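Protein chains in written order, with this note's numbering: chain A, 1 to 434; chain B, 435 to 910; chain C, 911 to 1374.
No wet-lab data here; the hints were simulated from the structure.
Only a predicted model underlies this, so the values are computations on that prediction, with no experimental measurement involved.
Treat each hint with caution, since some may be false.
Stated by the list, open to error - A few chain B positions that, by computed beta-carbon distances, are all more than 12 Å from chain C:
| id | residue |
| --- | --- |
| 1 | Trp449 |
| 2 | Val518 |
| 3 | Pro573 |
| 4 | Pro638 |
| 5 | Ala803 |
| 6 | Glu847 |
| 7 | Asp872 |
| 8 | Arg888 |
Said to hold, decoys possible - Below are the EDC-like pairs computed for lysine to aspartate or glutamate, each with C-alpha atoms no more than 16 Å apart in a straight line:
| id | chain 1 | residue 1 | chain 2 | residue 2 |
| --- | --- | --- | --- | --- |
| 9 | A | Lys434 | C | Glu1201 |
| 10 | B | Lys673 | C | Glu1201 |
| 11 | C | Lys1349 | B | Glu782 |
| 12 | A | Lys274 | A | Glu297 |
| 13 | C | Lys1072 | B | Asp732 |
| 14 | C | Lys970 | C | Asp1286 |
| 15 | C | Lys1144 | B | Glu699 |
| 16 | B | Lys889 | B | Glu598 |
| 17 | B | Lys673 | C | Glu1025 |
| 18 | C | Lys1219 | A | Glu129 |
| 19 | C | Lys1200 | A | Asp432 |
| 20 | C | Lys1342 | B | Glu783 |
| 21 | C | Lys1138 | B | Glu598 |
| 22 | C | Lys1349 | B | Asp771 |
| 23 | C | Lys1219 | C | Asp1029 |
| 24 | B | Lys751 | C | Asp1070 |
| 25 | C | Lys1145 | B | Asp678 |
| 26 | C | Lys1349 | B | Glu792 |
| 27 | C | Lys1281 | C | Asp1293 |
| 28 | C | Lys1236 | A | Asp432 |
| 29 | C | Lys1145 | B | Asp680 |
| 30 | C | Lys1335 | A | Asp315 |
| 31 | C | Lys1342 | B | Glu792 |
| 32 | C | Lys1350 | B | Glu829 |
| 33 | C | Lys1072 | B | Glu705 |
| 34 | C | Lys1144 | B | Asp785 |
| 35 | C | Lys1342 | B | Glu829 |
Note that the Cβ used here is the ideal one computed from N, Cα and C, for glycine as well.
Each chain, letter by letter, is given below.
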Amino acid sequence: MAKSSQRYPILFISMAVLAAALFLSAADNRAYVIQNVKVNTLSSAGILDRASVVVVDGKITQVGKTVKVPAGAQIIKGDGLEVYPGMINAWGNIGLTEVPAVDVMNDTTDLGTFKPQLLAFSAFHPASELIPVARVNGITTAISAPSGGIIAGQASLLHLDGWTADEMAVLKSAGMVITLPSLGGGRGGRGGGTALPGGTQATDAARAQQQQISELSELLEKTRHYVKAREANPATERDRALDALAPVVKGQLTAFMQAQTARDIRNAVEFAKKENLKFVIQGGREANKVADLLKKENVMVILDSIVALPTRQDDPYDARFTLPKELAAAGVKFALTSPSAADVRNLPYEAGFAQAYGLSHEEALKAVTIYPAEILGVADRIGTIEPGKIADLVVTDGDLLEIRTQVKNLFIAGKDVSLETKHTLLYKKYMDRK
Amino acid sequence: MTLTCMRSLSHRARWRIYTLACMAFLIAASAQPVKTEEPLVFAITNAKIIPVAGAPIEKGSIVVRRGIIEAVGANVTIPPDARVIDAAGLTVYPGLIDAFSDIGLEESTAARGAAAATATPAPGRGAQQAQPQQQSNIPPDERQGLTAYRRAFEEINPANRKIESARAVGITTTLVMPRRGFFPGQGSLVNLSGPEISQMVIKPSTSFFINLAGRGGGGGGGGGGAYPGSLMGILAFVKQTLLDADQYAVAWNIYQATPGAERPEYSRALEALQPVLKREAFVILAANSPAEIQRALDLAESFKLNLVLMGCGEGGKVASTLKSRNIPVLLAVKYPDRPATTDPDFREELDSLRRRVEAPANAAALAKAGVRFALVSDDMANPRDFITNVGRAIEAGLDRDVALRALTLTPAELLGVSDRLGTIEKNKTANLVLATGDIFDQKTRVKYAFVDGRKFDIVEPQPSPSGAAGRGGPGR
Amino acid sequence: MPNRFKIHIKILFILAVLAMVCAAWAQMGSSGVVLIKDATILTVSHGNIAKGSILIRDGKIAAVGPNLTAPAGAAVIDATGQFVMPGIIDPHSHIAIAGGINEGTLAVTSMVAIEDVLDPTDINIYRELAGGVTTTLTMHGSANPIGGTNAVIKLRWGKDAKGLLFKGAKPTLKFALGENVKRSGAAATRYPATRMGTEDVIRTAFIEARDYMRAWDEYKKRVAASDKIAIPPKKDLKLEPLVEVLRGERTTNVHGYRADEMLMMLRLADEFGFKVNSFEHGLEAYKIAKEIVAHGAIVSTFSDGWAYKIEAYDSIPYNAAIITRKGGMACINSDSAEEARHLNQEAAKTMKYGGLSEQEALALVTLNPAKELRIDDRVGAIDPGKDADLVIWNHHPLSVYAVAQKTMIDGEIYFDIQKDQEMRKRTEEERKSLEALDKKNAPQGRGRGSAPDNFINKIPHRQD
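Kindly produce the complete structure, drawing on both the sequences and the hints.
Listed below in structure tokens is the structure:
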């Protein structure tokens, strides 16, 4: 029986080796060195000419003029090229919608007014054709946020590469989307806010608005009581909605307070402060008009697209374009975004336009990288090129914000991601048609 | 008187009594027992008179007989059969002429049904089925808005309250125009008397209205709804109709002149439009902004229409064009309202603000450029607001006399009735307004109005001006 | 005469002559002679001039080159370090239209005309000038298989409707295919509800147009033969433009997305003997580049819009590049008052997606649309003899950082970034004085519309 007793250890060891190999290959542990490249760190280290960036196991391990090249690392020649942190699209609903005109393809907006338990992550569609297209110009992470009602649900922050949402999630829950009702007013203006029942007179509308805000307040108050009750007695019956709101009232989960007009922003700030929420303003079309307040209260803003028409006939033609410059001058921190799911790839041009109309180059770059990271609370992980951070990187043949620039390599979580999309495939297919 | 007494009188005395009795009987019989007696002869004395033709008369009299002004002046003999009205402290004006209004106009039931049927239906297959059913009751002309044959007086209700309100501010004559559809019909010139419409009509038909604002204005939109829906659609529809009317005449002329020719279809609307094409009738187009005015001028030019412009709220900006082309203007004074809003941060657009602030000065600008115009109420809901707004135009620089003329002699001239109306002169129709002061003064009250020599006591208490000094009007 | 007087008279005479000369100089300056000096000139027709000038006289380009001197009295614009390109031409726009861009009530509305309803007060005219646009094709919408006739306009802000018209531009007619026209399913209330029906409607309309032509020909024959009972057919405003299409006197702009519907239209056009001049959007044109190029149709498309409708799901930003490489002509259009303001940057995207050259990219928003509209003899490139429709930029127009500094049409500056700043101050002042006047006129109980009652003075607060 000596032969058979030797078989089992061999079997065991070979299985262990196989398992290890499988396990290791599941995580992308390839090492890369981007060599001799201009590194736009966007950190205090500034710009490093002809430096190198080392990526191992999905993380940036070294950044500098001299680096130790790990064994087996793939060398990417960066001569004449630049590398930037991957851009972060801090608002939008990619993955929750495909073709907006086709109802069945939309998962952004469920029924109801208060829906805190709804989570974008749970409906995120990783195989959306929009995702490869979105990242093609250097966007590595994006927010996907639900809409509708006063509490639309929780937004999620995901990497724009992966087989499943679990693989892609950076923050399963990035924050709670809250939209106080807007006192619409007699004239136009889309403005954020819940639509009020049609046909109400001015005072009725005000009353309706007040009532909805009261309801929200009560819900938050109820949540606080619920939290105390559960702490005192863990056997207390659970409530999904209140569970979802618990971190919000505790000041742990950010509230994305959606507001566009000056008055709505003021209202939102006042409300959030009264309720002791950790919050940012989302939308902020007229944030420049209340910049002093935002600065005083240290409120950060996630803007919508600035490439848009002025809302009023009398507004200067560049009223939307100059918003970033004005906010920067007032010392308000903001993120630029390209929220339309099919057009996320245009995020660098949001920054480019902001720069064209007065924002500095550095601030423009930061507004799509480190500032969104800070606003979303993930600045320790992404947003700059620094050792220890996730390897979200974009290698280009020029200025990241310029239209003509080509992306050479895109790293998402340390993986050199394919730049092939539905579009490039159709391009090749039909160029080949004789 | 007993027979016994009669027998005791002489034969002559008896016959005298019989004659007297007959006379008394006849007099008693001729007096209508219920009706308040309307004297046919009036004398208005001690009045300040503004004849419009000629200088004001500080203190004079007017004699009216059978609806005609018999005499007017500082020294007029008062006929013995006249009922005297001491007008001390009152000013007498010619009855005001509102040359484009909807005073007294009431939609007929059929017309209201047509309006409902031609409104844009809600989307959905249901609408498609519903339409044919409703429309079968509505004649095609109504459905299309092509009722050029309709004359306004056919739709005037003499008991309509607006007639009274109009008289109460001194309006005694008006051109009423139908409004529904694109070719709503023909305007009727009426005196605001009554009680029957037959007693009011001066001219049953004066001019045609082509309504480019149409059903619910521009917008068009996707499938469904009746053509035309957009402004360009309305213009195309109007042009095509005029072309059709032209071809209609050609076809009928050939038919009538030549045996063997095919008989064309009959069209009431196209037939009614013939005077327009022959330049025998005026065509009124509404236009306010310079772009709208230009559109109206272009349309008139391509079809060689005799154009009258109505509205011209911003006509002052193109006054020189209007002057050089000699276009008669029916000038509305519907000033834009301040926008209603619930938004405390609301900031009115500069264009809107400017238009509103400058609106009252428009009339003065036109007058200064030498453009001839009559002042009209268009479709203002409250005639008092109309006069108030004329007052604002005067405050903004319109000469008072020009304003008065634009409500009296000028409209009379434009309407071709200046031999009968528009001034206080001998042999003219007795349309008069007796007011407690200057007719354009806010505090002035009209005490009496004479229309066709019939006296109306104005008993309306001076109502507080309504909030709607802007656009309005029922059924719009 | 005493000497002193003689001297005085001489002096007066000299002063008078000087005054006249000055007046003459001033007049020369205002007679429209302008020199744009020392810029990088992107001619589009014959390459770039690294440092050159453009002489403008009476609204036309008189000379272009590296060494031009300003004639006496010319107004000089120093464009050192700046870039000049031809004014952008947007061949698909819906600005400056009053009273609705669609007459959607009927399937065929070729009788309606955008030219009839131009609105010269549309602020988007000014905003587009600030984005370097000088000419647009302002069009009927896409609600019908056959829409209305369109208008080519120059953005001469401040002129009246007639003053906007581009005189001599070839007439056009709008067609539309696909989803906008048929609105299938529950939303359908007007025939057609399918692409099959769309073909039927267009075919039927052209058959009617042919019959109409025949009826008129017959009438004319009968009149010539002294037939006394010949009654003329009605002049039909709907069929006239279709007749003009059949005769080649009017070009066609066909809104289409899907390859198959565009092929349908090419087939139909071939059958009736006319040309599709341009496919508007034509997002799947790249799939049938062969057929489109063979027909000679132009593709007037978006830079990178896609996926907003299912018929746009296969749209790719390489469309314009593929068409160009396959020997066809492409334009980039906006179909949007917003996007029209940065068509130069939209054109730049074709360099990234598809590798078009700088010259090819510039042509997509200048010379190519000029050719599409048959106005390339006058605009679309910087050549002597062409209209002085020019834009001065602070950066190369294909850069994301480019901001228009001045926009010129017919030699006149219609947008100037400095003057725009000054205008804002003046606007504020005017507003203040108007508001003061308004307050003065308003509340004496005259009922002049709403007063403070309509405003909510207090922001509602939560009840504590």
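Right, here's what the structure says about each hint:
no., hint, in the structure
1, Trp449, "holds (71 Å)"
2, Val518, "holds (37 Å)"
3, Pro573, "holds (20 Å)"
4, Pro638, "holds (31 Å)"
5, Ala803, "holds (17 Å)"
6, Glu847, "holds (31 Å)"
7, Asp872, "holds (17 Å)"
8, Arg888, "holds (32 Å)"
9, Lys434(A) - Glu1201(C), "holds (11 Å)"
10, Lys673(B) - Glu1201(C), "violated (40 Å)"
11, Lys1349(C) - Glu782(B), "holds (13 Å)"
12, Lys274(A) - Glu297(A), "holds (13 Å)"
13, Lys1072(C) - Asp732(B), "holds (10 Å)"
14, Lys970(C) - Asp1286(C), "holds (14 Å)"
15, Lys1144(C) - Glu699(B), "holds (13 Å)"
16, Lys889(B) - Glu598(B), "holds (13 Å)"
17, Lys673(B) - Glu1025(C), "holds (14 Å)"
18, Lys1219(C) - Glu129(A), "holds (14 Å)"
19, Lys1200(C) - Asp432(A), "holds (11 Å)"
20, Lys1342(C) - Glu783(B), "holds (12 Å)"
21, Lys1138(C) - Glu598(B), "violated (58 Å)"
22, Lys1349(C) - Asp771(B), "holds (13 Å)"
23, Lys1219(C) - Asp1029(C), "violated (30 Å)"
24, Lys751(B) - Asp1070(C), "holds (12 Å)"
25, Lys1145(C) - Asp678(B), "holds (8 Å)"
26, Lys1349(C) - Glu792(B), "holds (13 Å)"
27, Lys1281(C) - Asp1293(C), "holds (15 Å)"
28, Lys1236(C) - Asp432(A), "holds (10 Å)"
29, Lys1145(C) - Asp680(B), "holds (10 Å)"
30, Lys1335(C) - Asp315(A), "holds (12 Å)"
31, Lys1342(C) - Glu792(B), "holds (14 Å)"
32, Lys1350(C) - Glu829(B), "holds (13 Å)"
33, Lys1072(C) - Glu705(B), "violated (34 Å)"
34, Lys1144(C) - Asp785(B), "violated (43 Å)"
35, Lys1342(C) - Glu829(B), "violated (22 Å)"
In this structure, the hints that do not hold are numbers 10, 21, 23, 33, 34, 35, in rising order.
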